[in-house]
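Heads up, the sequence shown is in our numbering, so the first residue is 1 and it goes up one at a time.
Hints are computed from structural coordinates only; laboratory data are not their basis.
Since the structure is predicted, the reported quantities are computational estimates derived from the model, not experimental observations.
Check each hint, because a few of them may be wrong.
To be verified - With a straight-line cut-off of 20 Å between C-alpha atoms, the simulated EDC-like cross-links for lysine to aspartate or glutamate are:
#1 K191 to E128
#2 K237 to E131
#3 K191 to E131
#4 K14 to E339
As the list claims (entries may be wrong) - Label-pair ranges, simulated between beta-carbon atoms:
#5 F183 to A103: 42 to 48 Å
#6 Q84 to Q112: 36 to 42 Å
#7 L107 to M349: 45 to 51 Å
#8 A335 to M62: 46 to 52 Å
Positions of the beta carbon are idealized from the N, C-alpha and C atoms, including for glycine.
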Amino acid sequence: MQRYFPNMPNPVDKEILRIALPAIVSNITVPLLGLADVAIAGHLGDASYIGAIAVGGMLFNMIYWMFSFLRMGTGGLAAQAYGQGNLAESMRVLLRSLAVAVAMAALLLILQHPIRWTAFTFIDASPEVREMATLYFHICIWGAPAILASYSLTGWFIGMQNSRIPMYVAIVQNVVNIAASLFFVFVLGMKVAGVALGTLIAQYAGLLTACIFWQRRYGLLREHARQTRLFEHAAMKRFFSINRDIFVRTACIVAVTVFFTSTGAAHGNIILAVNTLLMQLFTLFSYIMDGFAYAGEALSGRYIGAADRPRFRSTVRHLFAWGAGAAAAFTLLYAAGGEGFLQLLTNDMAVIRASQEYFLWVLAIPFAGFSAFLLDGICIGATATRIMLCAVAAATAAFFLLYHSLQTAWGNHALWMAFLSYLFLRGIVQAGLAMSSYRRGRFCPKK
Numbered sequence: 001m002q003r004y005f006p007n008m009p010n011p012v013d014k015e016i017l018r019i020a021l022p023a024i025v026s027n028i029t030v031p032l033l034g035l036a037d038v039a040i041a042g043h044l045g046d047a048s049y050i051g052a053i054a055v056g057g058m059l060f061n062m063i064y065w066m067f068s069f070l071r072m073g074t075g076g077l078a079a080q081a082y083g084q085g086n087l088a089e090s091m092r093v094l095l096r097s098l099a100v101a102v103a104m105a106a107l108l109l110i111l112q113h114p115i116r117w118t119a120f121t122f123i124d125a126s127p128e129v130r131e132m133a134t135l136y137f138h139i140c141i142w143g144a145p146a147i148l149a150s151y152s153l154t155g156w157f158i159g160m161q162n163s164r165i166p167m168y169v170a171i172v173q174n175v176v177n178i179a180a181s182l183f184f185v186f187v188l189g190m191k192v193a194g195v196a197l198g199t200l201i202a203q204y205a206g207l208l209t210a211c212i213f214w215q216r217r218y219g220l221l222r223e224h225a226r227q228t229r230l231f232e233h234a235a236m237k238r239f240f241s242i243n244r245d246i247f248v249r250t251a252c253i254v255a256v257t258v259f260f261t262s263t264g265a266a267h268g269n270i271i272l273a274v275n276t277l278l279m280q281l282f283t284l285f286s287y288i289m290d291g292f293a294y295a296g297e298a299l300s301g302r303y304i305g306a307a308d309r310p311r312f313r314s315t316v317r318h319l320f321a322w323g324a325g326a327a328a329a330f331t332l333l334y335a336a337g338g339e340g341f342l343q344l345l346t347n348d349m350a351v352i353r354a355s356q357e358y359f360l361w362v363l364a365i366p367f368a369g370f371s372a373f374l375l376d377g378i379c380i381g382a383t384a385t386r387i388m389l390c391a392v393a394a395a396t397a398a399f400f401l402l403y404h405s406l407q408t409a410w411g412n413h414a415l416w417m418a419f420l421s422y423l424f425l426r427g428i429v430q431a432g433l434a435m436s437s438y439r440r441g442r443f444c445p446k447k
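Construct all of the structure, not just a fragment, from the sequences and the given hints.
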């Protein structure tokens, strides 16, 4: 028991950084998988190879994003079980999540042809790109069991206050992906199929690594897997209720993201390029804030499970101090070096010059968005997913309303105004609902 639930907690800031820093490293390694595939395809001598990998990668990002509830829902429930010191329930949370992950992966494999056909109906690509992207898709789709099971394990590890294992898994996965893809492409000459096979092997290598770490660190918990009540009605109802809210919330976020990209394209190639590059600055900031959100998820769930309101309040205060500090640092960083960062991404001076007109919006992103990230983590830890859903739904409605009200007069500025308002409203609405719930004793019950 002592191995999993130490008696003396570390100071709050140390606890936050202990979870946040490895999570940030993991987040930064995530895009490297796709970047490695694109880089290898870029050396095959034909732009159509890059297009095939880009189309296939985009499709999988959209599919797997919709299943992120497996990580978030599992993390919140596991963190609360950890706070209660309930080893049996923590194990049941993992097994329930893995069961759902396997079922969802099986569904994806069964429906892979209709999914690919539906997705490619909306993708305008040349016959060569479409053919190679189809090959890439039908190889990589067999990684669905590994990806979804890894989501469950990652959420569980974070709920158990351990973000180091997901970091190690991400590193192993990237190394295997690069090595395997290089071997299949340049030694065996498999081209797109080689890239896809390398990615597939890396996904299962990541799952195997997670399982090995689980066995070494948590293997003694297997005795609880034999206990009853694994699929009891009340527990499964709560599990699916939490994950339903997260799924719908994710669909709203996907709608905003897709609309932002497609609407930028409607303004022409220069504006599309500008928006794409400037959004990389938001993405970079989001990797950092997601790390602190993971810390909020793990620690708030832990203290809510233990019904420890003082430590919960202290954790929230310290998280927001770190969030505000990170927002200030990124604002200054982008103000001083943002244009230089853009020049690392492109040498097209027309795009760089056009981006200057919209750069002030980017400077506003950190302070507009940091609270939404932190409150997402806190609400996940509290399993207050209905609060998250309501906040994102309201912010999404405001996004579309504001854009369509201003687009005629403001053009692309309306899109950025709507996006920043969306980020800001997510945080404001979520904070109001969470504070109200906390005062009524529902968010963090008293002992």
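Status of each hint after checking the structure:
no.: 1; hint: K191 to E128; result: 14 Å, holds
no.: 2; hint: K237 to E131; result: 42 Å, violated
no.: 3; hint: K191 to E131; result: 13 Å, holds
no.: 4; hint: K14 to E339; result: 34 Å, violated
no.: 5; hint: F183 to A103: 42 to 48 Å; result: 33 Å, violated
no.: 6; hint: Q84 to Q112: 36 to 42 Å; result: 40 Å, holds
no.: 7; hint: L107 to M349: 45 to 51 Å; result: 48 Å, holds
no.: 8; hint: A335 to M62: 46 to 52 Å; result: 33 Å, violated
Violated hints, in rising order: 2, 4, 5, 8; the structure is consistent with all others.
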